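Please arrange chain F on chain S, whose structure you already have, making use of the hints.
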Amino acid sequence: MPHHEFECSKCIPERKKHAVLKGPGEDLTSALPAGYLNTIPGSISERGCAYCGAKHVIGTPMKDVIHISHGPVGCTYDTWQTKRYISDNDNFQLKYTFATDMKEKHIIFGAEKMLKQNIKEAFKAFPNIKRMSIYQTCASALIGDDINAIAEEIMEEMPDIDIFVCNSPGFRGPSQSGGHHTINIAWIKDKVGQVEPKITSDYVINYVGEYNIQGDQEVMLDYFKRMGIQVLSTFTGNGSYDELRAMQGAHLNVLECARSAEYICNELRVKYGIPRLDIDGFGFEPLSDSLRKIGLFFGIEDRAQKIIDEETARWKPELDWYKERLKGKKVCLWPGGSKLWHWSHVIHEEFGVDVVSVYTKFGHQGDMEKGIARCEEGALAIDDPNELETVEAMLKLKPDVIFTGKRPGEVAKKIRVPYLNAHAYHNGPWKGYEGWVRFARDIYNAIYSPIHRLSYLDISKDEIPTDTGFATQKMVSDANLSETIVSSSTLRQYTGKYDSVSDLRKKTYPTFERQPVETA
Amino acid sequence: MEDSMKDRIAQLENHIMKHCLWQFHSRTWDREKQNEGILTKTMQLLCDEPVKRDTPADRCYWVDAALLAEAFKTRYPWLLKMDKADIKLLMQGLKERMDYVTITGSLNLELTDQHY
Chain S
1 MPHHEFECSK CIPERKKHAV LKGPGEDLTS ALPAGYLNTI PGSISERGCA
51 YCGAKHVIGT PMKDVIHISH GPVGCTYDTW QTKRYISDND NFQLKYTFAT
101 DMKEKHIIFG AEKMLKQNIK EAFKAFPNIK RMSIYQTCAS ALIGDDINAI
151 AEEIMEEMPD IDIFVCNSPG FRGPSQSGGH HTINIAWIKD KVGQVEPKIT
201 SDYVINYVGE YNIQGDQEVM LDYFKRMGIQ VLSTFTGNGS YDELRAMQGA
251 HLNVLECARS AEYICNELRV KYGIPRLDID GFGFEPLSDS LRKIGLFFGI
301 EDRAQKIIDE ETARWKPELD WYKERLKGKK VCLWPGGSKL WHWSHVIHEE
351 FGVDVVSVYT KFGHQGDMEK GIARCEEGAL AIDDPNELET VEAMLKLKPD
401 VIFTGKRPGE VAKKIRVPYL NAHAYHNGPW KGYEGWVRFA RDIYNAIYSP
451 IHRLSYLDIS KDEIPTDTGF ATQKMVSDAN LSETIVSSST LRQYTGKYDS
501 VSDLRKKTYP TFERQPVETA
Chain F
1001 MEDSMKDRIA QLENHIMKHC LWQFHSRTWD REKQNEGILT KTMQLLCDEP
1051 VKRDTPADRC YWVDAALLAE AFKTRYPWLL KMDKADIKLL MQGLKERMDY
1101 VTITGSLNLE LTDQHY
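Those sequence lines, one after another, are chains S and F. Letter by letter, the first sequence follows residues 1 to 520 in this note's numbering. Letter by letter, the second sequence follows residues 1001 to 1116 in this note's numbering.
Simulated from the structure, these hints should not be mistaken for laboratory data. All values derive from a computational prediction rather than experimental measurement. Relax, there's no trap hidden among the hints.
Here are the computed lysine-lysine pairs in the DSS-like style, where the Cα-Cα straight-line distance is at most 30 Å: (1) F:Lys1018 to S:Lys316; (2) S:Lys306 to F:Lys1018; (3) S:Lys16 to F:Lys1018; (4) S:Lys124 to S:Lys191; (5) S:Lys323 to F:Lys1073; (6) F:Lys1006 to F:Lys1081; (7) F:Lys1018 to S:Lys327; (8) S:Lys330 to F:Lys1018.
Isolated chain F, as found in the complex:
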């Protein structure tokens, strides 16, 4: 039986949490940029869309996205069977979940600290 979308998002989230560091920058503004930059580019790579990487910052997002997209495809074969519209929905759900766990639902009191 096919996993539900929620279960699939949970699998991808678990992979990010176990293997990546980019989602845990120290402040809210930074985490928002990281989640947006890397997960958007991951979605574009998974959907064979062009990925902007002409600035140093974009290149940084892109390399994290490239490794993430490759790991997703290798570890979760069900992803290869999904059509692009569904991948976009999945990645949108993942982005919302990551924003919740690392930003809006986070218990980390330092996220909004204005000073280092």
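Next up, chain S with everything else stripped away, as it sits in the complex:
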């Protein structure tokens, strides 16, 4: 096994098995780091906890719900608004967050009464919202508050209310991934099958593992609606609580994030016989293949092809403008989980960048299998890195840009490496054809931003050139391009709007005749 040992982690020998180099001839049977294990003492991990994984990542994107944490206010504050999962109901779930604000006295005397009071106050403050998710935290789990019993009492007293309880305290697993599992399984066990679905199409899907980051879900919804497909529910971005209680009515589960959401699809397959189709919404080719697969499944592949042709004609010249300027740039692809494999091949293929490292904070070995299989030779794969390791990797690999979260991103800036927010995006959505061009534009802006060139100079010691003027992005990016490329009449920069999502909400769609139902 081609393990990689970081200089800074020699004092933590257990870390060695968490990093491998994909060398020539290496495959998954010889190169795979350990994963989803308890954090090693002494390694300052940057993982989120299982409560964060359940609430912040999976639960809260659900839009028409009061999301309340039963615990200290800090747990809630730290999981509030830091990921841009917008919704088409004026972002209710982003604007408001709720906490019972447990304090020391509640640890001693219990906090069930306070929880009940908080629930009533929350519904009173927002009388139009009738659904709630309650998230257990370490504090309320350790004192043994029976949240389910309180929820049952409330639902008896207030019959128009429905409450989902997620018992995933922070310590329930090595990382936030433990919370993903818990909430997925709890939802299907406790809530799916409670509501009768309203079917309006012959082609009905659940869109699972999509969190509507800056509008991703709405972009994909646009394609599905243009194909005449009814999206019965989205788990969970921009998703509605009651629609998600009716998931059993779909003909197909379309699975986007096969890390956190595959379990719910597997359970729906076992319990209701709904098959699962894994798709990729990022990148022209993977997205086109995904639309074609869904089209083929329903026998409406012509509708998928129409969208692919229209969108490709509209956006490909813009994608290629950026590709010419991004070719050969080195990228550290350091997201949390699924984007490590969603992007590792397609950014090389469609943006021309070279992935020199992949990492995952909370992914499992299955995520690493996909990521390593998809990236090119020579990439360094790291599981659950600590901050010193990422700094060492950046100094060694000298990436032109890294795609990661805010915390490691800010560290990268300090050593003059530009970063893009892989979790919440810079100027998303990044899904869909237009979204993919927006991603390319963000990479271009990151790499060629004049600020990075200026910041390389230290005015206390470096010689400041006075004989050259200010270099714009284009002067730098086009310096070594051929005249044919620079003056191409077909290639062009992004021409979409600043906001590419709001118009989708006003759009009207064609109606497709439904097939008559056969009667015996």
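Frame of chain S, contents of chain F only:
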């Protein structure tokens, strides 16, 4: 000079690894079903044999197989020159290789975990 069977299998394997997700379901039992379902149907499509697709599960295998067969034919022109017996041998070899890389030779310790 014609590529050897092993090289050809490696090319097809590389395509699957770079472009597909179906081979990486989370548990051994699931991966066995996926490899069997999709690669068998891909072989049938490449050999112009009838493909069963009357259940939702079969339809799912079939759509992945349809895209895979099309990609193989487009990207690897040597496939079009092979006779059906050789295609079957090739696909059998590919299936064995995929089973090894994703199941029997896999270093993923979660594959046999009974719980999610």
